[in-house]
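Q: Each residue of the sequence shown is one higher than the one before, starting from 49 at the first, in my numbering.
Calculated from the structure, these hints are not laboratory results.
Each hint should be verified, as a subset may be incorrect.
Unchecked claim - Computed cross-link-like contacts, BS3-like style, restricted to lysine-lysine with a CA-CA straight-line distance of at most 30 Å: (1) K66 to K90; (2) K66 to K176; (3) K196 to K90; (4) K66 to K117; (5) K117 to K90; (6) K117 to K176.
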Amino acid sequence: MTDAGLTWGESVAWWRDKQGLGSADDRAVGHDLYRRLRASMKDNGQENQAEVLLFNTYCERYRGDEGMKRPALLPQVYLHYDPLTRKRQQLRKGHRLKRERMDFLLMWPGRARVVIEVDGKQHYAEGKTASPRLYAEMVAEDRALRLKGYEVYRFGGYGLIDNPDASAMLRQFFDDLEARYTPAR
């Protein structure tokens with residue numbers, strides 16, 4: 049990962065080395081990495097359908113060689129593994145974040161960091177009752193993330209699972225995100 053961000057191609061090269069896949073072609077290595085990342089999206093052993101929909105929608109956009117140059121969408125990331133966060137901690141520019149595991153992370157060129165969260169009711173309710181305390185904690189954590197240099201985008205799980213237009217909405221979101229963070233050529 050460099051100031052240029054972290055591309056899918058760089059992730060595939062890293063996975064090839066980590067798994068000892070040697071001369072396997074990029075497509076096979078990419079599929080293997082995709083399966084491993086997708087398997088990480090489980091809650092209590094069950095696949096998180098909202099997260100999988102978001103992940104698959106992103107991945108479908110960038111099939112083929114062009115996708116190797118695009119930022120990798122990394123699920124279930126602990127932000128303290130992000131080199132920029134580690135550097136800030138070494139320079140004592142802030143304490144660790146209360147909630148460091150994010151649903152997704154994109155690292156764009158120019159050190160832009162985008163966190164995408166898919167919120168189930170556990171983020172804002174206790175049982176079936178809305179919880180002002182949980183909501184206040186969530187927005188406080190968002191502020192802390194922003195102060196550390198991350199942009200945070202949230203989706204309600206309900207809006208992804210119970211929305212027949214969710215895929216189209218996600219495609220438009222990713223178009224807009226790419227337009228915002230891709231440097232002009």
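Q: Find the hints from earlier in the document that the structure breaks and name them by number, from lowest to highest.
A: Violated hints (numbers, rising): 2, 6; every other hint is consistent with the structure.
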